[in-house]
Structures are given as structure tokens and as C-alpha cells.
Amino acid sequence: MSPGTFVQLTGPNGSGKTSLLRILCGLLPPAEGEINWEGANIRSLGEEYVAQVTYLGHRHGIKDELTGVENLRISNAVNGVSVSKERAHEVLGQVGLAGRESLPARLLSEGQRRRVGLARLLVCNTKLWLLDEVLTSLDKGAVSLVRSLIENHLDGGGIAIVATHQELELSGGRTKRLELTT
Amino acid sequence: MLRWIVWRDLMLAWRRRADMLSTVFFFVLVVSLFPLGIGPETQLLRTIAPGVVWVAALLASMLSLGRLFANDYQDGTLEQLLLTPQPLFLVVLGKTLAHWIVAELPLVLIAPLVGVQFDLRSETLWILFVSLLVGTPVLSLIGSVGAALTLGLRGGGVLISLLVLPLYIPALIFGAGAVEASVMGTSPSAHLSLLGAFAIVSLLFSPWATAAALRISLE
Chain A
10 MSPGTFVQLT GPNGSGKTSL LRILCGLLPP AEGEINWEGA NIRSLGEEYV
60 AQVTYLGHRH GIKDELTGVE NLRISNAVNG VSVSKERAHE VLGQVGLAGR
110 ESLPARLLSE GQRRRVGLAR LLVCNTKLWL LDEVLTSLDK GAVSLVRSLI
160 ENHLDGGGIA IVATHQELEL SGGRTKRLEL TT
Chain B
9 MLRWIVWRDL MLAWRRRADM LSTVFFFVLV VSLFPLGIGP ETQLLRTIAP
59 GVVWVAALLA SMLSLGRLFA NDYQDGTLEQ LLLTPQPLFL VVLGKTLAHW
109 IVAELPLVLI APLVGVQFDL RSETLWILFV SLLVGTPVLS LIGSVGAALT
159 LGLRGGGVLI SLLVLPLYIP ALIFGAGAVE ASVMGTSPSA HLSLLGAFAI
209 VSLLFSPWAT AAALRISLE
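Those protein sequences? They're chains A and B, same order as listed.
Each residue of the first sequence is one higher than the one before, starting from 10 at the first, in the working numbering.
Each residue of the second sequence is one higher than the one before, starting from 9 at the first, in the working numbering.
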């Protein structure tokens, strides 16, 4: 896969979209074959590879007790990216959570929590995005936000692999489809 | 980064203070039931005090171990922690340290106070405090291995106890032994040294074991 590639994983429930993404980010070892990143096996690269990857799972990775700002700052800080309070407010505003940055995440709706997760994509500077069912429970505005985020990412030489049931058509016909079957 | 993980877990614990308090109340209640049940026989109370306080501390730590990784596992943040560009044992060490501060340190601090009910002398109360201070990190460290192994299993709480309590036995023997030596008027230093050695060994090995167990549990 070369820089600027976008792959949409489709397929019926249980066809292995999530498993594939988890294998790609190194959470699951592949049953056979190997995953290489810039010519080296990701198992041997270890942390060096992980630093290049952002994985958003179908579980949000959002702490209910923390506010949007705290969630964003802490999830980035443990990844070695420091985000100032002002920047966190700004980014959460960009994903449509202006005025709700300081509410504990448990008070947010499902879609709003997804948006907190998406805010991570705006501040991370990783090359490979692995997004699992990111469009679930998002409204039209948020879906187009995700589309523009991915387009910007690809323009910057990034790679995105997205598992979704909804159509995600990027401008310029850059979408490759990989259909998994059971 | 280690400090961010500790800070995160401390903040989460603060937002769910009830969990933390339940562990402390459990400890205080269990320890207090013995003097109430036995009555004012000071000689007997002094003899059983070391064992009672230490066993109560072990059981109280069982209460909080189930939560060490389970909450993060359920909301997906544990996956994210596994995917951070740093060695996993550091993440584990940070979470274990936070667990010790939240779940064990309050017990250490309150133990001399509940020890008064057993008619212990002030030197003995001091040794009780020191033995718990040295010994409770062992509970968090070894407990984290059990918590990681039973992650996502049904009835994990009981399984943790079965896995971890036998491994606590050396800490119990040396910890309670130190206090007992002080009750008898002999020097507790030998017991404390052995307890310290056990703490260092568990600090060296358990973060790696926990990290390996977490990887298996999350596959």
C-alpha cells in the first residue's frame, strides 16, 4: 500500500473486518503470513510501528468519568503527543462539540462520544489510520466531517483503512474496496 | 508518560470515590469485628492482631483488583493503552502504582488506628504501619497478574482470589511475622527484610507477567 491509499473494508457481519484491523494494528497475531511496514515485520518493529498508527475501535476508548477535553488530552499524552487545553477546546469545537467540552462523557450521546473519538484524528500525526465502524451513530454532518478528515490525511501522504457498512465515497474516486466474505 | 497514566487512574478513582471508600470501610469493619467478637481479652487480642490485620488487608485488596483492568477493558481504553508507543510493562507499572495509591495506601494509613483496638503498643503500631507499607505493593503487583489473566472472564472475581491469594502467602507470613515479633518484644527487622526482598522480586517480575497476560487476554 502506498501513501495516499484509502481502503474501505466491506462485508457481512462476522466476515472478519474487525479482526483484520486488529491484526493490522498488532493486537492480534495473524494465523499465517505477516504484516510488513516499510519493509520490516510489525512484530519486530514493535513500538516504532505503533507510533505510526491510530486505531479507533468500535468501542470508543472514551472514559465516561472524564470530560471531552480530559479524554482528548490524556489519550494523546499517553501516546506521547501533548495537547494544550486551548488546542483541545479548539479541536472539540471543530468536531461539533463546542460548549460541551467540559461535560463528563457519560452525559454525551452516542454520536457525541464518537465525535470525541474522532477529535483524536485531528491532533494525531500518525501515518496509518485504522478505523473500525467509525460512521456508526453519526449524523450526516459528522459523516462528511470524517470524509474530509480522511481526504486531508490522504493528501498529506497518509493511509487509511476503514471498515464500514455505509458508503464512504471520497472525491477523485480514490476509494479502493476490499470485500470480505464469510 | 508514566505519570500521565498514574494521573489518569488517580483522576478516575477520584471521580468514583465510592469504590475507593468501600475498600477502606471493608478493611476497617473486618478488623473491628474481631475485638467485638472476642471481647476484652487483651492478651488474646494482642496475639491475633498481626494475622487479623494482614488477612483483612489481603481480602480488601481482592475487592479492588477486579476493577484494575476491567473498566478500561470494557470501554476500549485498554486497547488504546496497548497501542501506545511505549513498553507495555511501563503502562502496567503506572496502573499498578495508581492502584496501590488508591486501594492500598489508605489501608496502610488507617491500620495503626484500627490496631489500637487490639491493645497494641505504639512501637508495634509503628511496625504494623511499616510492614504494610513494604508489603502492600506486593499485593498490587501480584494482584495485577491475576487481574490481567482473568480479564473478560465470567466469574473473574472468584478466580482472581483463587489465583492470587496463594501467591500472597509469603507476604502474609513475613508481614504478620514482623508485627508478631514486635508484640513478643523481639526485633522485627529479619521479617521486614524478607518482606522487602519479596516486594523487590515482585516488582521485577510481575509487570512483565502482567503485560504478557494482557496481550493474551486482548487477543
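Keep in mind that the hints were calculated from the coordinates and are not lab data.
Think of the CB as a built atom: it goes at the ideal place given N, C-alpha and C, for glycine as much as any other residue.
Among the hints, a few may not be true.
[Said to hold, decoys possible] Stretch-level coverage of chain B by chain A, calculated; a stretch enters the list once three of its residues show a Cβ under 8 Å from a Cβ in chain A:
1) 81-88
2) 92-99
3) 103-114
[What the hints assert, rightly or not] The following label-pair restraints were derived from C-beta to C-beta distances:
4) A:96 to B:15: 16 to 22 Å
5) B:118 to A:12: 28 to 34 Å
6) A:94 to B:193: 53 to 59 Å
7) A:52 to B:192: 53 to 59 Å
8) A:107 to B:205: 54 to 60 Å
[As the list claims (entries may be wrong)] Over 10 Å on every C-beta distance to chain B, these chain A residues come out as not near it, computed from the model:
9) 69
10) 73
11) 119
Against the structure, the hints:
1. Coverage of the region 81-88 of chain B by chain A holds [criterion: at least 3 residues with CB-CB distance below 8 Å; count 6].
2. Here the region 92-99 of chain B counts 5 residues with a CB under 8 Å from a CB of chain A, which clears the bar of 3, and the coverage holds.
3. Counting residues of the region 103-114 of chain B whose beta-carbon sits less than 8 Å from any beta-carbon of chain A gives 0, not enough to reach three: the coverage restraint is violated.
4. The hint said 16 to 22 Å for the Cβ distance between residue 96 of chain A and residue 15 of chain B, and at roughly 18 Å that hint holds.
5. Range check, residue 118 of chain B to residue 12 of chain A: about 58 Å between beta-carbon atoms, so the 28 to 34 Å window is missed.
6. Roughly 57 Å separates the CB atoms of residue 94 of chain A and residue 193 of chain B, a value that falls within the hinted 53 to 59 Å.
7. Our hint of 53 to 59 Å for residue 52 of chain A and residue 192 of chain B holds, since their Cβ atoms are close to 56 Å apart.
8. Between residue 107 of chain A and residue 205 of chain B the CB atoms are about 56 Å apart, so this pair conforms to the stated range of 54 to 60 Å.
9. Some Cβ of chain B comes within 10 Å of the Cβ of residue 69 of chain A; the nearest lies about 6 Å off, and the non-interface call is violated.
10. Annotated as non-interface, residue 73 of chain A brings its C-beta within 10 Å of a C-beta of chain B; the closest such distance is 7 Å.
11. Taking the minimum C-beta to C-beta distance to chain B, about 13 Å, the non-interface status of residue 119 of chain A holds against the 10 Å cut.
Checked against the numbered hints above, the structure violates hints 3, 5, 9 and 10; every other hint is satisfied.
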